[in-house]
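S.K.: Sequence:
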Amino acid sequence: MSNTNMLNTNDLLIEIGTEELPPKALQTLSNAFTAGVVAGLKEASLEAQEVISYAAPRRLAILLKSIPTKQADQSVERKGPAKAAAFDDDGNPTKAVQGFARSCGVTPQELDEIETPKGTWLVFKQEVSGKNTSELIADIVSQSLAKLPIPKRMRWGASDIEFVRPVHWILMMLGDEVINAEILGVTSGITSKGHRFHHPETIVIKQAASYADQLREQGHVIANFAERRDEVRAQAEAAAKELGGVAHIEDALLDEVTALIELPIAVSGSFDKSYLEIPQECLISSMQDHQKYFPVVDNTGKLMAHFITTSNIKSSNPDTVRQGNERVISPRFADAKFFWDQDCNVTLESRREDTKKIVFQQKLGTLYEKTERVEKLVGFIASELGADKQQAARAAVLSKCDLLSEMVNEFAELQGIMGSYYAKKDGEPEGVIAAMQEQYQPGFAGDIIPASETGKILSLADKLDTLMGIFAIGMKPTGSKDPFSLRRAALGVLRIVIEGKLNLNLEGLLTKAYEGIAEKVNSTDSIQEALNFIMGRLPAYYKDQGIDAETVAAVASLKPTSPLDFDHRVKAVASFKTLTEAEPLAAANKRISNILKKVEETISESVDESLFQEPQEKSLYESVKAQQKIVEPLFKSGNYSAALTSLASLKDDVDNFFDGVMVMDDDEVLKNNRLALLAQLRGLFLNIADLSRL
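Per the numbering used here, the sequence shown runs over residues 312 to 1005.
In short, the hints are calculated from the structure, not lab data.
Everything numeric in this text was worked out from a predicted model, so none of it was measured.
Hints are not guaranteed to be accurate.
Stated by the list, open to error - In silico BS3-like pairs for lysine-lysine, Cα to Cα no more than 27 Å straight-line: (1) Lys-735 with Lys-667; (2) Lys-908 with Lys-888; (3) Lys-901 with Lys-947; (4) Lys-463 with Lys-792; (5) Lys-882 with Lys-812; (6) Lys-390 with Lys-436; (7) Lys-668 with Lys-736; (8) Lys-882 with Lys-901; (9) Lys-854 with Lys-870.
Build the full structure now, drawing on both the sequences and the hints.
M.R.: See below:
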């Protein structure tokens, strides 16, 4: 099949006009819509030179620049039977050629012939005209819309049509011409609509390429999500600067605000400074979660009595907008002050008894029982590290008490943070105060690990208790289902141990964690399952650091159970791979491994020097013995990098050995002695990693 004509191109524009789309889903919907349309066009052999997505509260749109206006004509050629088998001795067509011709819609006499090295064959040739893009696009758009990730679709009016929100207009045009179609019950046209308040009237789009400019200039709508996002950020930062502060802008809120407005207009506001006596995280959460405001902080990160809101209208009286927002925030902060005052009337520890009423997991018991298990586990970890056991135990006892507070009940994301404030109010030690918040770190990709020693111990114990418990009751993650966020917890465990430089045996920790639930479950095999699951996160962890999977596999094959020791080995192998000796030594290790695998009898642990026949085997033996003395202390101290660098000096002796020595000699005694030498050589490298995996 081949193309037979040059193609004209033009710009294709598609816009779905709706009622306000869910702000937190806007980007996901836009990306999925664009991907679906592009994939559908590609399947139809239609590809644009550039694709631009647009996403605003009331529209999803795509501009496909320089897309072919029709499919290319195709030369279709189907090979049929050989000519010799196509006709009988009387020249009549056989059943084989009749069936082939029928499938092609022609008679046997209308088939062509081609000459090949294997003889003459009958073929069917046909020129197939490509379809116009305008004929294909409606189905492609409809299929893409049907596949959008919409958890719950809605109906409107008397129709059975369903979509995420009611659809009010469809715009589809190629260049400056409309593409007539019906999608989601709406007939397409060349008109869009402007800003809901500043320009609710229709806008006739002159041509596909002028879409964004016309919406901005006539319709007061910035259709491009990224441009609108940048504008929201820039205005908020400028407004905060005028107030002598810095806008505290979190990406998730910035995206949500961008998805809520068509034309961003920043408006600053203030609140009573007396509210600053409340922990600033409470005020920030209230502003961000409830009002979608950007808080204003000073250069040290301390909250100022100001905020920035982003309006969707350009008011002729911005002071009225400002005052309205200030009136709204005041009762919110009054509620926060009430919660804070109420919580401060009791100690953090006094809330612990109520954790007996909260079920952590039906088979694993209450939150109170979990903290009892964690208390024992932190004691074990603290002993292993030579840390303060009493402080770690105290942190474990108080760790979940703030979940019963009024403030955390209102702002769940403040768990741990409020615990730190309450612990400080109660006069708890600094390590305990820090651990209250740090127990949830790292909470997301890129998050920091706990800074304090007690925080590291508590976070580690809490995560290990959850991992071990959930695995023990058989609820390990499957596919995309991970209700207890065990993957995140496992990665958190690894990061705390590795980046916190904690010399801990993970298998021992999981065994200790299992002891805490042994009375509730009987699943000792789950210890190994949990260990494999946690260590199985390491390839992804190192991939983010630019370390390839084969390097990790070389270490993982030895099954180290200390993540910190694993890290030292991986870093050593990664460094070793940069040496010129690395590749030949890795190849030699693979060769030795293959040789030793084929040996069925037990290989001797000792080498008899008197049996050496060749100078190369004697030289290698002496080098191996010398390296054993050098690297054994390095192995014990965990200095694997220095050990591998030293072992790299064996390269020449290894190369000479394989060049001058027949390992599998006919003499059984000589063969076994040489195998013993190779086993000793490989054993040196296996103290660090299996280099045959490289």
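S.K.: Compare the structure with each hint and give your call.
M.R.: Hint-by-hint comparison with the structure:
Distance restraint check for Lys-735 and Lys-667: the Cα-Cα separation of roughly 24 Å lies within the 27 Å cut-off, and the hinted pair is therefore satisfied. At most 27 Å may separate the alpha-carbon atoms for a hinted pair to count; Lys-908 and Lys-888 meet this at roughly 25 Å. For the given pair, Lys-901 sits about 25 Å from Lys-947 by alpha-carbon distance, which is consistent with the 27 Å threshold. Restraint check for Lys-463 and Lys-792: the C-alpha separation of about 19 Å stays at or below 27 Å, so the hint holds.
A C-alpha spacing of about 14 Å is found between Lys-882 and Lys-812, which places the hinted pair at or below 27 Å, so the restraint holds. Restraint check for Lys-390 and Lys-436: the C-alpha separation of about 9 Å stays at or below 27 Å, so the hint holds. Distance restraint check for Lys-668 and Lys-736: the Cα-Cα separation of roughly 25 Å lies within the 27 Å cut-off, and the hinted pair is therefore satisfied. The straight-line distance between the Cα atoms of Lys-882 and Lys-901 is roughly 21 Å, inside the 27 Å bound, and the hint therefore holds.
For a cut-off of 27 Å, the pair hint linking Lys-854 to Lys-870 stands: about 19 Å separates their Cα positions.
Going down the numbered hints, you'll see the structure goes against none, and every one checks out.
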